[in-house]
Amino acid sequence: MSDLAVPFPDDILKIVHRTADEFAADVRLASAVEWYRRGLVSQGRGAAIAGLSRADFIDALSARKVDVIQFDPADLDEELKSAR
3 MSDLAVPFPD
13 DILKIVHRTA
23 DEFAADVRLA
33 SAVEWYRRGL
43 VSQGRGAAIA
53 GLSRADFIDA
63 LSARKVDVIQ
73 FDPADLDEEL
83 KSAR
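FYI, the working numbering numbers position 74 of the sequence shown as 76, with every residue one higher than the one before it.
No lab work stands behind these hints, which were simulated from the structure alone. Each residue gets a CB set at the ideal place from its N, CA and C atoms; glycine is no exception. Take these hints with a grain of salt, some might be off.
Across the chosen pairs, the derived CB separations fall in these ranges [claimed, not checked]:
#1 Ser55 with Ala26: 14 to 22 Å
#2 Ile14 with Arg47: 21 to 29 Å
#3 Ala85 with Thr21: 48 to 56 Å
#4 Lys67 with Leu42: 13 to 21 Å
#5 Glu80 with Asp13: 48 to 56 Å
#6 Ile14 with Arg86: 22 to 30 Å
#7 Ala26 with Asp74: 30 to 38 Å
#8 Ser33 with Ala85: 34 to 42 Å
#9 Ala85 with Gly53: 32 to 40 Å
#10 Thr21 with Asp58: 14 to 22 Å
#11 Val18 with Ser55: 22 to 30 Å
#12 Ala65 with Val8: 23 to 31 Å
#13 Val18 with Lys83: 19 to 27 Å
#14 Asp74 with Val18: 30 to 38 Å
Make a model of the complete structure from these sequences and hints.
So, in structure tokens, the structure goes:
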């Protein structure tokens, strides 16, 4: 995995009451959840970004009210037509 330096205000860790490692984990999880929500990454990739198992990532998605199963309505229509 690559490292990336992102500037934050000097007092951010005090504000959010987190250690640097906890804050980094929070940022990775928040990013992975948002990218999954937008359809940019899969569950597996999101879990890897967040440093979680896929099951734990699914739990994190659910806790944040993000749909665990994503589908394109057009794809669903095609699936339903082919199932008939």
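Ser33 versus Ala85 beta-carbon gap, inside 34 to 42 Å or not: holds (36 Å)
Supplied distance hint 30 to 38 Å, evaluated on CB atoms of Asp74 and Val18: holds (36 Å)
Ala85 paired with Gly53, Cβ distance criterion 32 to 40 Å: holds (38 Å)
Distance restraint evaluation - Glu80, Asp13, Cβ atoms, bounds 48 to 56 Å: The hint (48 to 56 Å, Cβ to Cβ) holds, given that Glu80 and Asp13 are roughly 52 Å apart.
Cβ distance range 23 to 31 Å for Ala65 and Val8, holds or violated: Because 24 Å falls inside the window, the suggested range holds.
Hint check for Lys83 and Val18 - Cβ pair distance inside 19 to 27 Å: violated (49 Å)
Verdict for Ser55, Ala26 (Cβ pair) under range 14 to 22 Å: holds (18 Å)
Cβ separation of Val18 and Ser55, checked against the hinted range 22 to 30 Å: Since Val18 and Ser55 have Cβ atoms about 25 Å apart, the given range 22 to 30 Å holds.
C-beta pair Ala85, Thr21: status relative to the range 48 to 56 Å that was hinted: For Thr21 against Ala85, whose Cβ atoms are near 51 Å apart, the range 48 to 56 Å holds.
Distance restraint evaluation - Thr21, Asp58, Cβ atoms, bounds 14 to 22 Å: Because 20 Å falls inside the window, the suggested range holds.
Satisfaction of the hinted span 30 to 38 Å by the C-beta atoms belonging to Ala26 and Asp74: holds (33 Å)
Beta-carbon spacing of Ile14 to Arg86 - inside the hinted bounds 22 to 30 Å or not: violated (55 Å)
Comparing the model with each numbered hint stated earlier shows that hints 6, 13 do not hold.
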